[in-house]
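Produce the complete structure using the sequences and hints provided.
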Amino acid sequence: MAGNREFFNRRLHSLLGVIPIGLFLIQHLVVNHFATGGEESFNKAAGFMEHLPFRIILETFIIFLPILFHAIYGLYIAFTAKNNASRFGFFRNWMFLLQRVTGVITLIFIVWHVWQTRVQAAFGAEVNFQMMENILSNPFMLWFYIICVVSAIFHFANGLWSFCVSWGITISPRSQLISTYVTMGIFVALSIVGIRAIFAFV
Amino acid sequence: MSDKKTVRFIITRQDNPDSAPYQQEFELDYRPNMNVISALMEIRRNPVDVKGNQTAPVSWDMNCLEEVCGACSMVINGKPRQSCTALVDQLEQPIRLEPMRTFPVVRDLQVDRSRMFDSLKKVKAWIPIDGTYDLGPGPRMPEPKRQWAYELSKCMTCGVCLEACPNVNSKTNFMGPAVFNQVRLFNAHPTGAMNKAERLNAFMDDGGMQGCGNSQNCVQSCPKGIPITTSIAAVNRDATLQSFKNFFGSDQV
Chain V
1 MAGNREFFNR
11 RLHSLLGVIP
21 IGLFLIQHLV
31 VNHFATGGEE
41 SFNKAAGFME
51 HLPFRIILET
61 FIIFLPILFH
71 AIYGLYIAFT
81 AKNNASRFGF
91 FRNWMFLLQR
101 VTGVITLIFI
111 VWHVWQTRVQ
121 AAFGAEVNFQ
131 MMENILSNPF
141 MLWFYIICVV
151 SAIFHFANGL
161 WSFCVSWGIT
171 ISPRSQLIST
181 YVTMGIFVAL
191 SIVGIRAIFA
201 FV
Chain B
1 MSDKKTVRFI
11 ITRQDNPDSA
21 PYQQEFELDY
31 RPNMNVISAL
41 MEIRRNPVDV
51 KGNQTAPVSW
61 DMNCLEEVCG
71 ACSMVINGKP
81 RQSCTALVDQ
91 LEQPIRLEPM
101 RTFPVVRDLQ
111 VDRSRMFDSL
121 KKVKAWIPID
131 GTYDLGPGPR
141 MPEPKRQWAY
151 ELSKCMTCGV
161 CLEACPNVNS
171 KTNFMGPAVF
181 NQVRLFNAHP
191 TGAMNKAERL
201 NAFMDDGGMQ
211 GCGNSQNCVQ
221 SCPKGIPITT
231 SIAAVNRDAT
241 LQSFKNFFGS
251 DQV
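From first to last, the protein sequence lines are chains V and B.
Start counting the first sequence at 1; every next residue gets the next number (the UniProt record's numbering).
Start counting the second sequence at 1; every next residue gets the next number (the UniProt record's numbering).
Please note that the accuracy of each hint is not assured.
Said to hold, decoys possible - With a straight-line cut-off of 30 Å between C-alpha atoms, the simulated DSSO-like cross-links for lysine-lysine are: (1) B:Lys-124 with V:Lys-82; (2) V:Lys-82 with B:Lys-122; (3) B:Lys-145 with B:Lys-196; (4) B:Lys-224 with B:Lys-196; (5) V:Lys-82 with B:Lys-79; (6) V:Lys-82 with B:Lys-224; (7) B:Lys-79 with B:Lys-154; (8) B:Lys-171 with B:Lys-145; (9) B:Lys-122 with B:Lys-51; (10) B:Lys-4 with B:Lys-79; (11) B:Lys-154 with B:Lys-121; (12) B:Lys-224 with B:Lys-122; (13) V:Lys-82 with B:Lys-154; (14) B:Lys-79 with B:Lys-5; (15) B:Lys-171 with V:Lys-82; (16) B:Lys-4 with B:Lys-122; (17) B:Lys-196 with B:Lys-124; (18) B:Lys-51 with B:Lys-79; (19) B:Lys-196 with B:Lys-122; (20) V:Lys-82 with B:Lys-121; (21) B:Lys-4 with B:Lys-51.
To be verified - Not the full set, but computed from the structure, chain V residues with beta-carbon under 8 Å of chain B: (22) Gly-3; (23) Asn-4; (24) Glu-6; (25) Phe-69; (26) Tyr-73; (27) Ile-77; (28) Thr-80; (29) Asn-84; (30) Arg-87; (31) Phe-96; (32) Ser-166; (33) Gly-168; (34) Ile-171.
To be verified - If you anchor each label on the Cβ, the simulated ranges turn out as follows: (35) V:Ile-19 with B:Leu-241: 53 to 63 Å; (36) B:Asn-46 with V:Val-101: 41 to 51 Å; (37) V:Gly-89 with B:Asn-246: 54 to 64 Å; (38) B:Leu-241 with V:Val-18: 14 to 24 Å.
Derived by calculation from the structure, the hints in this document are not laboratory data.
All C-beta atoms, glycine included, are put in the ideal place defined by N, C-alpha and C.
Structural data, given as structure tokens:
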């Protein structure tokens with residue numbers, strides 16, 4: 001017995017991507033979407049999240065630690081692949097490559113985004129509509145946010161598909177095909193939510 | 001018909017396991033119904049490259065010549081496949097032959113596929129019936145299930161799925177797609193099912209099944225049309241249940 005730590009890590013990585021990180025992503029995008037209702041509506045929603053009781057504990061166990069594990073182990077997975085989409089240009093192989101590319105983009109984005117918002121908040125800045133309006137008034141930042149938010153959503157949606165395969169939920173080719181359609185539907189729907197919220201700040 | 005039709009080959013050669021690979025070009029007279037192996041035999045008969053240099057005959061593996069043994073697999077025009085069923089008439093020229101680099105190259109187009117056989121030993125991809133006394137007849141297998149299992153049993157351990165997989169490489173110890181299919185095949189057999197947990201636990205060990213990243217190149221590349229990705233997901237489900245049994249402690253075997 002060589003031990004099965006790798007098996008555990010892989011499955012944990014797959015699970016954390018959906019619960020809690022995927023759920024957190026949806027919640028975050030939905031709260032952002034309050035921005036489409038105006039400054040006051042967004043500040044009220046963001047304020048509610050900010051003043052949840054036990055915030056530090058919730059953040060640590062639902063957001064920071066799961067993302068940290070998912071990111072570090074994910075980088076290891078991404079860089080042990082030898083991508084060959086140019087030789088084997090099958091649809092799923094491209095998705096495999098995109099999953100790794102969007103994962104790395106998302107990690108870079110999260111580091112930046114946490115620095116720009118959560119860390120600044122810890123230093124005393126207030127996270128509100130005004131803050132996002134200032135950030136997104138820079139056209140470079142606007143495009144950076146659009147690309148990265150779409151990347152993160154793709155990584156989540158396609159990750160849901162591979163979660164279903166990795167845990168043995170979708171086995172038959174037909175169920176895998178239909179879950180491709182469903183997860184890509186989720187990708188489009190969440191992208192609309194995410195991009196609408198970004199443009200609400202512009 | 002004055003011009004004689006010819007066939008051009010660009011072959012990646014390597015003199016020994018540690019030396020650098022290099023390319024050599026050959027031109028042969030066309031004959032109807034040639035396959036890559038008959039062309040390689042022709043080169044062996046007269047190992048002279050296009051520049052007229054005398055060279056060593058190209059080394060490659062072959063055995064059955066009817067795509068059931070898997071020995072003659074190589075990368076032909078960028079695609080891993082068996083050279084016995086690679087018909088010259090259906091290939092774009094020049095025909096490029098390379099070894100399957102996922103495996104250690106022994107010489108020229110010949111590779112060492114031992115890692116696949118080692119994996120099969122680790123996951124006990126057989127049905128243990130040997131003993132010191134007659135065990136009597138085993139449980140019967142229903143005919144529809146036998147026909148279904150026959151499709152899985154077509155795997156010839158040729159290595160094409162490992163060559164196509166982005167996650168089988170020197171940076172990982174992933175056993176590769178073919179093993180999932182063998183585990184599923186032997187777990188499905190009524191006698192083989194008696195060792196199902198043992199097989200799954202061995203496969204769940206480090207350096208076993210974890211490396212799959214669902215690029216699904218394997219199922220697209222398999223020369224025998226085996227539903228490998230279905231086998232992967234099926235074994236994933238069995239492994240999920242086995243891991244729950246192992247941890248939460250219901251009957252483990």
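How the hints compare with the structure:
1. B:Lys-124 with V:Lys-82: Given that 30 Å is the threshold and the Cα spacing comes to 28 Å, the pair holds.
2. V:Lys-82 with B:Lys-122: holds (25 Å)
3. B:Lys-145 with B:Lys-196: holds (17 Å)
4. B:Lys-224 with B:Lys-196: Holds - the C-alpha atoms of Lys-196 (chain B) and Lys-224 (chain B) are around 25 Å apart, at most 30 Å.
5. V:Lys-82 with B:Lys-79: holds (16 Å)
6. V:Lys-82 with B:Lys-224: Distance ~24 Å between Lys-82 (chain V) and Lys-224 (chain B) Cα, so the pair holds.
7. B:Lys-79 with B:Lys-154: holds (20 Å)
8. B:Lys-171 with B:Lys-145: violated (38 Å)
9. B:Lys-122 with B:Lys-51: Violated. Lys-122 (chain B) to Lys-51 (chain B) sits at ~48 Å, over the 30 Å cutoff.
10. B:Lys-4 with B:Lys-79: holds (29 Å)
11. B:Lys-154 with B:Lys-121: holds (18 Å)
12. B:Lys-224 with B:Lys-122: Measuring from Cα to Cα gives roughly 24 Å; hence the hint holds.
13. V:Lys-82 with B:Lys-154: holds (28 Å)
14. B:Lys-79 with B:Lys-5: With Cα atoms ~25 Å apart, Lys-79 (chain B) and Lys-5 (chain B) stay inside 30 Å; holds.
15. B:Lys-171 with V:Lys-82: holds (9 Å)
16. B:Lys-4 with B:Lys-122: violated (53 Å)
17. B:Lys-196 with B:Lys-124: holds (10 Å)
18. B:Lys-51 with B:Lys-79: Holds, at roughly 27 Å.
19. B:Lys-196 with B:Lys-122: Since the Cα atoms of Lys-196 (chain B) and Lys-122 (chain B) sit roughly 13 Å apart, the hinted pair holds (cutoff 30 Å).
20. V:Lys-82 with B:Lys-121: Since the Cα atoms of Lys-82 (chain V) and Lys-121 (chain B) sit roughly 26 Å apart, the hinted pair holds (cutoff 30 Å).
21. B:Lys-4 with B:Lys-51: Holds: Lys-4 (chain B) and Lys-51 (chain B) sit about 18 Å apart, inside 30 Å.
22. Gly-3: holds (6 Å)
23. Asn-4: Holds, about 5 Å.
24. Glu-6: holds (5 Å)
25. Phe-69: Violated, about 16 Å.
26. Tyr-73: Tyr-73 (chain V) check fails; min Cβ-Cβ to chain B is 11 Å, beyond 8 Å.
27. Ile-77: holds (7 Å)
28. Thr-80: holds (4 Å)
29. Asn-84: holds (5 Å)
30. Arg-87: holds (6 Å)
31. Phe-96: holds (4 Å)
32. Ser-166: Nearest chain B Cβ about 6 Å off; hint holds.
33. Gly-168: holds (2 Å)
34. Ile-171: Holds, about 4 Å.
35. V:Ile-19 with B:Leu-241: 53 to 63 Å: Taking Cβ atoms as reference, Ile-19 (chain V) and Leu-241 (chain B) lie about 19 Å apart, which means the hint is violated.
36. B:Asn-46 with V:Val-101: 41 to 51 Å: holds (49 Å)
37. V:Gly-89 with B:Asn-246: 54 to 64 Å: violated (40 Å)
38. B:Leu-241 with V:Val-18: 14 to 24 Å: Between Leu-241 (chain B) and Val-18 (chain V), where Cβ atoms are some 19 Å apart, the hint holds.
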